[in-house]
Each structure stands twice: as structure tokens, then as C-alpha cells.
Amino acid sequence: MKPYLIPALVMLLSAATASAQAASGTVLRTDKLYRQPSATASVAGSAAKGASVTILAKQGGWLRVTAGSTTGWMRLLSVRVGAGGLGGSGLGDVVGAATTRSDPSRVVAVAGLRGLNEEDLKQATFNAEELARLDKLMVTAAQSKSFASQAGLVAVQVPALAAPKPAQAPSSSWETN
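Those letters in the sequence shown? Residues 2 to 178, per my numbering, in order.
Hints are not guaranteed to be accurate.
With a cut-off of at most 30 Å between alpha-carbon atoms, the simulated DSS-like pairs for lysine-lysine come out as follows [what the hints assert, rightly or not]:
id, residue 1, residue 2
1, Lys33, Lys137
2, Lys33, Lys50
3, Lys146, Lys50
4, Lys146, Lys33
Pair ranges (Cβ atoms, derived) [to be verified]:
id, residue 1, residue 2, range
5, Gly51, Leu138, 33 to 41 Å
6, Ser39, Thr67, 16 to 24 Å
7, Ala23, Ala156, 18 to 26 Å
8, Gln60, Ala149, 24 to 32 Å
In case anyone wonders, no lab produced these hints; they're calculated from the structure.
Where is the CB? At the ideal position from N, CA and C, for every residue including glycine.
Full structure from sequences and hints, please.
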């Protein structure tokens, strides 16, 4: 093979792979399609609950989707990847949304610590300036209730978990570790 054809072949294979990675999905709740992967971006359109979408890309907590004739960015947790509609138990929806393909053997964490290892955490020190910056972002209970009601969220009472049973002492020396 001629050396100048190798880059062209690589580009052709990359394009074919990218188009093959598009996946179908179902909208879990009516949500907006944004022009950029940000809630502050302008709105390109919306997708209704139950609508089918084609997932084109994933970036952080966002999926680039095509819904009907509109293409835009939608929140990752608003879409269930793969076929199956809205009849799932909920857990599959989160796992499906966390992976760009509906492959049950490949689960990706939706949230967690990235970029910090145990040594970084051991060397962490208190920073009063950062705490003060964080305090400036605090909202009152009234502000949070107002925001939640604007988004259609409601409070739900959840029963408390049962208290853990106390550990029992081993009945013989053979049961100790």
C-alpha cells in the first residue's frame, strides 16, 4: 500500500466508526434541546416524553441527539439508551443513559470523583477562601422551594431505614478473624 493512502484510509475508517456508533434512545421526560451542552445555551427545540431520538455523541452529562428534524444537546438522564420505551424499572434507565450503547457489560459511572487519587486526598488542606466562595453560592430554603416548584418538583416522604442490628460477639474462639 502506498504510504500517502494510509492517512486517508484512517480518516475513512474513523468516519465509518463514528457513524456506526450512533444509537437510538427514548426520551424519559419532556426536555429541551440546547444548541450547546449547557443549560445556559439557547434552546434549539424540545423532545416530548416517549419520543424516539438518535444519539450522536456524548459529552460529560449531555447527549447530542436528533429528535425529529431537530438536533441539539439533551441532559444525559433525560434519555434511555436503546430500545425498550418507558416501561423500565428506572435503574436500567440510569445505567442505559450512562453508557453510549446499550451494552449491559459496559457500565460507566454517572457521578464520582475523577482525577483524585488517595495520595491527593491525603495531602488536601483546608482553604478558607474556597469555603467563602462556596458560601456565596448558598441559597435559602425559600429560594430552593421556588426553584423546585418552577421545575415541577414535589416533596416526597420516604420512610426511614431500619436501624442496623448491633454486632454480636462470637460464640466461640473459632469465629474470630
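Now the hints, each set against the structure:
1. Note on Lys33 and Lys137: the hinted pairing holds, with a Cα-Cα distance of about 29 Å set against a maximum of 30 Å.
2. With a C-alpha separation of about 11 Å, the suggested pair Lys33 and Lys50 falls inside the 30 Å cut-off, and the hint holds.
3. A C-alpha spacing of about 24 Å is found between Lys146 and Lys50, which places the hinted pair at or below 30 Å, so the restraint holds.
4. For the proposed pair Lys146 and Lys33, the alpha carbon gap of about 22 Å is at most 30 Å, so the pair holds.
5. For the pair Gly51 and Leu138, the beta carbons lie near 35 Å from each other, so the given range of 33 to 41 Å is met.
6. In this structure the supplied range 16 to 24 Å holds for Ser39 paired with Thr67, their Cβ-Cβ distance being about 19 Å.
7. Separation of Ala23 from Ala156 is about 39 Å and departs from the stated range, judged on CB atoms against 18 to 26 Å.
8. Between Gln60 and Ala149 the C-beta distance comes to about 27 Å, which sits within the given range of 24 to 32 Å.
Hint compliance for this structure: hint 7 alone is broken.
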